[in-house]
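Position chain B relative to chain A; hints supplied.
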Amino acid sequence: MELQAETNRESQPQSQSQSPAKSLPSPLAKFFAPSRIPTLDTVAIRQRLAGLSDRSAAKPPAFHNAVKELAVDFCATLPRIFGSELDRMTLWDRIGSAITTSRAKNPGEDVDGFIQSVCDHIKASMSATLACERFCGVMEDVEKLTPEEAGQWMDYMNAHLVPVLSKAKRKWVEQRDAGKAVDAASEAASESEV
Amino acid sequence: MKSYTIECLSEAVSPITHASGTSGNESIIAREIVCNESGTYSIPFLSGNALRHRTIREPGALWLIDRLGLRGQLNLPQLNFLLHGGNLSGSTSHENTRLIADMHRLFPLFRLLGCSLPSQIVAGSLDVWRGTLVCRENSQAIRAYVAAVDELILLPSERFVTGYQYTTGDADSLNIHSREAGLSRIEASGGRERKTSRMIYAGQAVAKGAMFHHGYVLKHVSELNVGAFLLSMRLWQAAGGTIGGSARVGHGRLKTSYLNGFEDRDELVAAYVEHVDANREACVEFLMDVFGGGAKENAGGESASGEKKVKSGRKAGKAARSSLESNSQQSEEVDPLAVAAVELSR
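Just so you know, the sequences run in chain order A and B.
In case it helps, our numbering puts the first sequence at residues 38 to 231.
In case it helps, our numbering puts the second sequence at residues -14 to 331.
I should point out that these hints are in silico values taken from the structure, not numbers from a laboratory.
Even glycine gets a Cβ: it sits at the ideal position worked out from N, Cα and C.
Heads up, some of the hints might be wrong.
What the hints assert, rightly or not - Partial list, computed: chain A residues near chain B (C-beta under 7 Å):
| # | residue |
| --- | --- |
| 1 | Pro71 |
| 2 | Arg73 |
| 3 | Thr76 |
| 4 | Leu77 |
| 5 | Val80 |
| 6 | Leu198 |
| 7 | Val199 |
Extracted from the complex, chain A is given alone in its bound form (with noise of 0.2 Å):
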C-alpha cells in the first residue's frame, strides 16, 4: 500500500544542519512515520539558554540591597495613604493583597501601573498621596530604576512579602512614633513659651 510521504506535523526550524539527502525521496516515503527530531548547533543552543539567564545575577549586591530598602521603604508609606472608609484593623492584610493583587495584573515592567493598582486596592485618596511627601520620595527613587531593574523590584517585593512586610510595619511605626514624639516636643516648647 503506497502511503503519503512523511508528514511534518510541525516545521523543524531549529535544526541548522540540512541533510544533504533532503531533496530525495525520503527512505520512509512508504510508511507513515513521525517527523525527525531536529538538532541543535552551537548557535541554536546559545539562543535556547539565553532565555534561561539571570540577567540581575550581573548587578552589583548594593543594587540588590537597594532593591530591599525600596521595597520596605514604599511599604512603608502605604499605612500612610490608607483609604479612611477602609477598616483600620486590615491594614496589613489590604497591604499585602494590593502587592499580590497589582503584580498579578501587572506582571511585566509597567511599574506605575503596579503603584496605581496598589494605591487602587488601598482606596487611597488623591489628596493624601500627593501631599505625602515620603510617598513621593520614594516615587522619585523609583523612577531611577530601568524597566528591567522595576522589575525585579516588583518581583521581589512579591516573592518575599511577609519579610517585607515585616520590616515595613517595624519602619512605619519608628517613624509614627519619632514624628509623634517630635509633635510631643514642639508642643511642648510653644506652651513653655507662653
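Leaving out everything else, chain B in the frame of chain A:
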C-alpha cells in the same frame, strides 16, 4: 556494532509535574540532591526510570503491538513483556541461549532495553540518563556537555518551580447543568441535602520554558537497534512528548532536540520498520510460544502441567496466527503505525 551517546535538550512546553509524593492533597515535585562548589541543593529532576519507559519502551512497544496486528489479543504475560519488560514467572530459572538469540534477532527494541523472559533475565544495552534541570546549581554538571552554559549565569532552580491548583466538578453543587435541568440543590443531590464533594487539589510543577538535559548511551548495538530507538523517540514526541503526571490536563509536555551533531536518520528508522514487517509472523510466534507456555520455553523437559501448557500455547499460537491473517487483510486499509500514532496521542 557501535556504541552511541545521544544527548538531548528538552524544553518544557507545559508545566512538568514529575512528583515524588504528596503532602496533604498537594503534589510535591521530585528533587535530587546536588553538591557543587557553592554548596548542597535540592533540585527538580526527571528520573531515568521515567524517561526510559515513556520515551523508549512504551511508544516502541505500543507501535510493535499495532504493527504486529496484536491489539486486543495479548494475554497478561505478553503485555507485561512488551510494555513493562516482563517478569520471572517460571518455576526455575535457566539460561536458554537460543531463546535469547531469537529474541535479540526478532525484537531489536528489547535487545536494547533488556527484558525478563519467564525463566531468565536478559540484560539490555541502553543506559538512560536522568533529566538534569538547566539551572545555576547544575551548571557545573551540564557544562561538560553543553559548552554554552559557561557563557551565562543561569537562573537559580527555584525560579523554575511554580504551582498549580485545580478543582474537581461535582453535580451536587448547583452548577449550570443542574440549573439547566431545573433541579434544586436537594433534587440534584438525590433527594437529600448533602455537602458538595468538590475537591481542590494543588501541587508544584516545573515551569513552562524550563529545560532539561538528558541522554542515552546505546552500547555495542546494530543499526537496527538504533532505528528502534529513533522510532520510539519520534513516536513519543509525536504523541506530545509527555513525562510525569497530569498529562490529562495538559501537563508534562517536552519538546526535544538532539545535541552535539547527532542526526535523526530516516534510513535507520525505515530499516527497523522493514525488519519488523519481514519478521512479523516469527515475532508473533515467539510471543505465543514463550508467553503462552509454548514448546520453546519448556524445551528442557515437560511435566504433565507443562505439556498442557505447551498444547494450549500452540493452540493460542494457531489462533493468533489465523487472527493475524484476518487482521492483515483489514490492515490493508489502515496503517497500524498511523493508528499507533493516534492512540499514543490520546
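Hints the structure fails to honour
Per hint list: 5, 6 and 7 violated.
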